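Q: Chain by chain, the residues run as shown.
Number of protein chains: 2
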Amino acid sequence: MSKEDIGITASKEDDFSEWYTQVVLKAQLADYAPVKGLIVLRPDGYSIWESLRDTFDQKFSKNGIRNGFLPVLIPESLLGKEKKHFAGFNPEVFWVTHSGENQVGDRLALRPTSETLAYTLYSKWIQSWRDLPLKINFWNTALRAEIKATKPFLRTSEFLWQEGHTVHATQEEAEEEVMKILEIYKNTVEMELAIPVITGKKSEKEKFVGAVYTTTMESIMPDGKALQMGTSHFLGQNFSIPFEVKFADKDNVENFAWQTSWGVSWRLIGAMIMVHGDNKGLVLPPKVAPIQVVIVPIYRSEETKEQVILQAIEIQKELELENIRVHLDDRSELTPGYKFNDWELKGVPIRIEIGPRDIEKQSVIIAKRYNREKSSLPFNEIKNIYGVLDGIQEDMLETAREQSDKNTIEISDYSEFKSKIQNGGFLKAYWCGKQECEEKIKEDTSADIRVMPFGSEDTSGKCVYCKEQSISKPIFARGY
Amino acid sequence: MSKEDIGITASKEDDFSEWYTQVVLKAQLADYAPVKGLIVLRPDGYSIWESLRDTFDQKFSKNGIRNGFLPVLIPESLLGKEKKHFAGFNPEVFWVTHSGENQVGDRLALRPTSETLAYTLYSKWIQSWRDLPLKINFWNTALRAEIKATKPFLRTSEFLWQEGHTVHATQEEAEEEVMKILEIYKNTVEMELAIPVITGKKSEKEKFVGAVYTTTMESIMPDGKALQMGTSHFLGQNFSIPFEVKFADKDNVENFAWQTSWGVSWRLIGAMIMVHGDNKGLVLPPKVAPIQVVIVPIYRSEETKEQVILQAIEIQKELELENIRVHLDDRSELTPGYKFNDWELKGVPIRIEIGPRDIEKQSVIIAKRYNREKSSLPFNEIKNIYGVLDGIQEDMLETAREQSDKNTIEISDYSEFKSKIQNGGFLKAYWCGKQECEEKIKEDTSADIRVMPFGSEDTSGKCVYCKEQSISKPIFARGY
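Residue numbers (my numbering), protein chains in the order written: chain A, 60 to 539; chain B, 60 to 539.
Since the hints were derived computationally from the structure, they do not count as laboratory data.
Since the model is a prediction, treat every value here as computed from it, not as a measurement.
Fair warning: there could be bad hints in the mix.
[Stated by the list, open to error] Pulled from the structure, derived: some chain A residues nowhere near chain B, Cβ distances all over 12 Å: (1) Glu234; (2) Pro281; (3) Asn314; (4) Ile357.
[As the list claims (entries may be wrong)] One side of the interface only, derived from the structure: several residues of chain A facing chain B at Cβ under 10 Å: (5) Gln87; (6) Ala92; (7) Asp103; (8) Arg125; (9) Val163; (10) Leu176; (11) Leu191; (12) Lys493.
[Said to hold, decoys possible] Lysine-lysine pairs mimicking DSSO-like chemistry, simulated, CA-CA at most 27 Å apart: (13) A/Lys264 / A/Lys364; (14) A/Lys183 / B/Lys339; (15) A/Lys194 / B/Lys398; (16) A/Lys194 / B/Lys95; (17) A/Lys142 / B/Lys95; (18) B/Lys266 / A/Lys95; (19) B/Lys140 / A/Lys95; (20) B/Lys339 / A/Lys398; (21) B/Lys266 / B/Lys85; (22) A/Lys183 / B/Lys210; (23) A/Lys85 / B/Lys339; (24) A/Lys420 / A/Lys364; (25) B/Lys210 / A/Lys339; (26) B/Lys499 / B/Lys207; (27) B/Lys398 / A/Lys183; (28) A/Lys85 / B/Lys239; (29) A/Lys376 / B/Lys239; (30) B/Lys479 / A/Lys183; (31) A/Lys142 / A/Lys264.
Yeah, the Cβ is synthetic: ideal placement off N, Cα and C, and Gly gets one too.
From just these sequences and the hints, can you work out the full model?
A: Following this line, the structure appears as structure tokens:
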């Protein structure tokens with residue numbers, strides 16, 4: 060393979076889509092599966108997902124949520140029990156019709172989402188107020204046959220996600236849960252992936268099929284398109300009634316329960332690639348990086364080699380004691396320059412270079428991946444790298460926030476809306492609340508209401524489309 | 060619900076099968092899904108699986124194995140590429156024929172196992188010796204439509220498992236890997252689940268379809284039936300040739316690689332239930348117990364209640380500081396007796412009882428679940444509970460080993476074989492190596508060769524069936 064083939068050959072600025080695909084494949088996060096629209100995760104990609112999973116699990120657990128397992132097959136009859144919900148998913152469902160040589164009776168759907176299956180069980184498990192709240196999360200995959208063009212992590216016919224399903228005795232408690240989860244989502248995405256998000260509600264048109272309302276977190280990508288980063292739904296009693304999720308209260312009176320469901324998917328990894336990556340490849344936030352620090356020893360003779368390698372091992376051990384995920388690249392058949400490119404492509408946050416002259420000076424060179432700055436660090440301050448990693452994490456969020464702010468503009472006039480949307484970005488504009496206006500805007504501009512940010516219930520303006528009194532100032536954008 | 064309905068009503072000795080099912084359902088480990096042959100895991104059941112996963116992940120990682128993700132859908136054409144392998148799985152495959160309203164071209168199999176999919180990718184990822192060894196593990200589910208009677212954890216049409224797939228430059232290295240994995244399996248099952256296993260090779264008849272040979276670990280259950288606890292296969296070049304998993308060696312000569320695959324499933328949880336459970340319900344080994352210690356406060360008046368609860372909270376905090384998974388059962392509407400039964404059913408290893416008299420004596424009562432012994436422990440020795448848990452873990456393995464030894468007998472005569480097999484158990488008997496004898500024995504007695512233990516290549520005896528010279532002294536048993 061030539062050097063060209065190994066590195067990224069497309070520019071993020073000029074051909075974003077090609078750049079993205081190259082980063083995914085060449086940084087070895089994922090690859091295409093033999094079935095169109097499906098991908099596999101290679102260890103570096105899956106490791107990021109595991110890191111997110113562990114963080115979410117910790118936070119879910121503190122909030123009294125435990126994990127469970129649901130099978131992937133759902134009978135057609137069950138899926139059809141909540142009509143709107145079924146109609147929404149039906150066109151995307153994969154159907155199992157045969158097992159071995161035999162035709163199955165009721166066709167079996169591959170889980171597009173598990174509300175119907177989970178609530179059939181919840182209805183058995185819940186008898187009285189003592190069984191509430193019931194809060195279970197499931198780490199699995201969802202399957203939705205994509206007809207649109209697919210893209211690794213962003214749009215695939217099977218995707219890794221978590222789906223949480225909770226049941227409560229009161230509406231108030233369920234609505235609080237919806238918000239607690241959204242807060243966990245926001246916090247995790249900002250702190251772990253260094254991506255700022257805007258939280259709020261979806262419009263009626265954009266809400267989850269079957270929900271009373273959907274809360275969402277949205278981010279704007281560097282190409283100006285919006286990405287839905289996760290949703291948390293208040294289901295009210297929309298499912299508890301058809302699925303008979305009932306409980307006897309303290310007075311032994313039967314009530315239908317109040318429910319929530321919520322999920323994030325590996326889309327978050329797609330967002331991370333888009334927001335932070337550059338023309339050298341992937342740029343990983345330290346908290347989720349499989350390798351946080353790579354040590355590249357530099358030597359020109361066999362004589363100096365031993366000394367350099369020994370010192371590198373010393374540094375490696377010291378960093379391991381600090382629980383830093385460190386790798387020593389001692390491949391002898393490759394040049395330092397090749398290694399620099401390789402680890403930059405893979406997005407490792409810090410590279411340590413060490414050669415004979417550094418040993419003389421009792422210091423190493425530190426190269427930060429995200430801004431490509433180099434500095435010198437004395438041996439006796441090696442432990443400070445922990446702090447350097449924290450600083451990188453913060454700086455990356457700060458930079459991403461600035462980018463996002465730059466991509467967010469206020470619009471009052473519809474012709475301005477139509478012109479500005481060509482460049483992408485988050486467009487804040489007043490809206491009257493009518494689905495008609497929302498649809499017309501979509502027709503004209505391909506922009507949806509992505510999110511009505513909390514606190515944006517602003518009645519002081521005029522709808523950007525029809526000029527009637529506003530009920531809200533949502534964020535419009537073209538989406539992924 | 061009456062007390063009868065809550066507790067276990069079947070006896071382990073008299074109706075093992077019914078007893079098992081009751082423990083699974085009533086201890087709330089799992090429940091039936093709406094599709095026949097499928098189960099769901101409730102949080103207590105899934106937590107045990109997570110605990111096993113974390114232990115395996117640590118050991119895999121130390122052995123240079125990383126995790127990845129593969130989609131569940133495999134095209135029929137791909138699955139058919141290794142003929143024997145395909146023929147073995149074909150009758151059990153679930154087939155997707157439609158997505159939405161559209162028929163799919165090449166039918167899609169739900170993964171019965173992922174060799175064919177993984178090796179199609181490995182063939183792309185591996186170019187030279189530098190890319191080897193490649194060792195990836197996948198935590199997912201496998202789907203095999205069961206025609207036999209299904210049983211939670213033991214035989215289900217979808218099951219949680221891990222499947223590892225490694226590629227090596229030499230036969231020797233691949234065969235070493237097979238053994239390393241088997242050792243990790245054995246070690247984990249014995250240390251975490253307190254179940255003794257016997258390791259060795261499967262006979263040609265019983266090996267994995269597509270393997271050169273299969274190594275296995277087997278255990279004998281209290282009902283006298285054998286359970287396969289995990290397998291590690293040497294695939295040789297059986298897959299690398301049809302899937303073109305090739306590498307250029309240091310002299311730039313192309314070679315077909317050497318491969319292994321291996322897996323354990325949630326069957327291990329089924330084994331744990333069978334081996335340790337009793338007529339009061341589940342008995343959990345401390346290492347995998349979601350709750351290791353439950354504290355039940357005992358009081359008769361509101362006056363003593365506060366004092367008891369405060370002391371209980373004190374103990375809870377102290378145990379939490381020791382990283383013990385502890386739960387304080389402060390449900391005020393239930394009697395201590397009800398709570399004792401409840402936690403015994405759920406198998407919590409240690410119950411701490413604390414009442415006003417215990418506080419006077421500055422001690423608590425400790426009740427061990429596995430042998431139901433009670434003893435007193437002074438407040439200032441509460442931290443020793445960590446050691447008590449370790450002791451329970453060791454004792455449980457010891458007890459299980461004694462049970463297993465009792466269920467293992469040497470047989471030299473075929474009529475004795477036919478009579479003894481009626482009581483179940485592991486039967487050690489000489490075998491000539493001919494598949495004909497193996498098949499005749501199976502026909503007569505329903506017993507298979509479960510395992511040819513390592514070191515059992517004994518040529519000094521006569522085949523229990525045909526009386527010709529033995530090549531091995533395998534273990535025969537009726538299996539799950």
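Q: Each of the hints needs a verdict: does it hold here or not?
A: We went through each hint and held it up to the structure:
1. Glu234: Non-interface label stands for A/Glu234: nearest chain B Cβ at 24 Å, farther than 12 Å.
2. Pro281: A/Pro281 is indeed farther than 12 Å from all Cβ atoms of chain B, at 26 Å.
3. Asn314: holds (19 Å)
4. Ile357: holds (20 Å)
5. Gln87: Constraint on A/Gln87 satisfied, holds at 8 Å.
6. Ala92: holds (5 Å)
7. Asp103: Constraint on A/Asp103 satisfied, holds at 8 Å.
8. Arg125: holds (4 Å)
9. Val163: With a minimum Cβ separation of about 8 Å from chain B (threshold 10 Å), the hint on A/Val163 holds.
10. Leu176: A/Leu176 check passes; min Cβ-Cβ to chain B is 7 Å, inside 10 Å.
11. Leu191: violated (14 Å)
12. Lys493: Status violated, d = 31 Å.
13. A/Lys264 / A/Lys364: Distance ~65 Å between A/Lys264 and A/Lys364 Cα, so the pair is violated.
14. A/Lys183 / B/Lys339: Given pair A/Lys183, B/Lys339 holds - Cα atoms ~23 Å apart, limit 27 Å.
15. A/Lys194 / B/Lys398: Holds, at roughly 22 Å.
16. A/Lys194 / B/Lys95: Roughly 26 Å separates the two Cα atoms, so the pair holds.
17. A/Lys142 / B/Lys95: Holds, at about 24 Å.
18. B/Lys266 / A/Lys95: violated (33 Å)
19. B/Lys140 / A/Lys95: OK: B/Lys140 and A/Lys95 at ~19 Å, within 27 Å.
20. B/Lys339 / A/Lys398: Roughly 61 Å between the alpha carbons, so the hint for B/Lys339 and A/Lys398 is violated.
21. B/Lys266 / B/Lys85: violated (36 Å)
22. A/Lys183 / B/Lys210: Distance ~20 Å between A/Lys183 and B/Lys210 Cα, so the pair holds.
23. A/Lys85 / B/Lys339: violated (56 Å)
24. A/Lys420 / A/Lys364: holds (17 Å)
25. B/Lys210 / A/Lys339: violated (53 Å)
26. B/Lys499 / B/Lys207: holds (22 Å)
27. B/Lys398 / A/Lys183: holds (22 Å)
28. A/Lys85 / B/Lys239: Violated: A/Lys85 and B/Lys239 sit about 32 Å apart, past 27 Å.
29. A/Lys376 / B/Lys239: holds (26 Å)
30. B/Lys479 / A/Lys183: violated (44 Å)
31. A/Lys142 / A/Lys264: holds (17 Å)
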